[in-house]
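There are 2 protein chains.
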Amino acid sequence: MSETGDGADSGGGATAEGAAKRPRTARGLRTQRAILDAAAVEFSEHGFYAASISGITRRAGVALGSFYTWFDSKDAVFRALVRDMSDQVRDHVAPAIRAAPDQIAAERAGLEQFLQFVRGHKEIYRIIDEAEFVDAESFRLHYSTTADRIRERLQAAAARGELIEEVGEVHAWAIMGMNVFLGLRFGVWAEDRPTEAIADQVAAMLARGLARRG
Amino acid sequence: MSETGDGADSGGGATAEGAAKRPRTARGLRTQRAILDAAAVEFSEHGFYAASISGITRRAGVALGSFYTWFDSKDAVFRALVRDMSDQVRDHVAPAIRAAPDQIAAERAGLEQFLQFVRGHKEIYRIIDEAEFVDAESFRLHYSTTADRIRERLQAAAARGELIEEVGEVHAWAIMGMNVFLGLRFGVWAEDRPTEAIADQVAAMLARGLARRG
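Chains as they are written, first to last, in the working numbering: chain A, 6 to 219; chain B, 6 to 219.
Hints are supplied without guarantee of correctness; some may be wrong.
What the hints assert, rightly or not - Quick list of in silico lysine to any residue cross-link-like pairs, SDA-like style, CA-CA up to 20 Å:
| hint | chain 1 | residue 1 | chain 2 | residue 2 |
| --- | --- | --- | --- | --- |
| 1 | B | K79 | A | F138 |
| 2 | B | K127 | A | A141 |
| 3 | A | K127 | B | K127 |
To be clear, the hints were calculated from the coordinates, so they are not data collected in a lab.
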């Protein structure tokens, strides 16, 4: 029996990237989640080329048939995983960004949440970095989507009169780059400094650097 | 006859990393340079695993024996190449940084020179990024050395009273990350914006963000 629980659903709806089918039942969602989590461990431990679908299903505790219900190939699950990690980061930092009283506080909160996410998910660097070689389009999509999101929120803040008017793509890429490298140094390599202190220093720099003077 | 041109030199002096032997003649230097330049093309076109020593020597127009005069293995030439690219970036940006009248101007000039270097050497990203998987120590050394250099010059400027006193490792990693991602977007992916304009926007942000107020 199909894990979609419904014959009509078993073909799934392929995502725009054709990476994964969309589950329409809680059980299907759980299985897909288990496969993606297992894939994160398998790919980060062995790298894409040495990783295997059987290694993923073993870790996930699911049958090989279940894997193929949701993913067509090792490439497909890798592509879905990069997209999933990108979404996880966004979902993890979004509430703190939305709750912040102003845009500098939002960028500060975004960085702090990102650093905390990285400390709990160190494998994200290896996987997204390997995408540059395994699936260049996923790599590009991850960073261009993230930069667009930052640019949009900076420009919205500029429109509200909080930030300098000329804020745009260059500032978005600069902020993303800062965050990625601070995550590498203070999230993946060593946790030798509190995330609050890092976020405070960067926020102070951005506050003076980007905030509009009254 | 050994390309070192001198029997006493033919063993070379291994670098600290054991990656390459040091030529002591102009001819040896030229040969090593030709091999490293050919290796940059070979590794960036095929990736480390598919790249071959014979592909490198063919591109360099040197005999296989000459390769082994200078490098012990494909790993060794890759390690030497990462180190060489790291040094090339440093040497390319250093004069502009030294010539700048103050530290914000120095960071501005450093970014602009870096963007120009990247536009002429787009392969640097693929090679240094692949080092994360092929030779993690080279990858780490490249970024930690670069960040240390930035931190030292920021702290020297703080000691001269130009920058805020608390400038340090976090700011250095933030600046390095900005530069790396601006290089990816505006150097490797597309050259759709003048390097001067990018450097100006970042310098303005840093000037307000890091400069000490009088």
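Each hint tested on the structure:
no. : hint              : verdict
1   : B:K79 <-> A:F138  : holds, 19 Å
2   : B:K127 <-> A:A141 : holds, 15 Å
3   : A:K127 <-> B:K127 : violated, 28 Å
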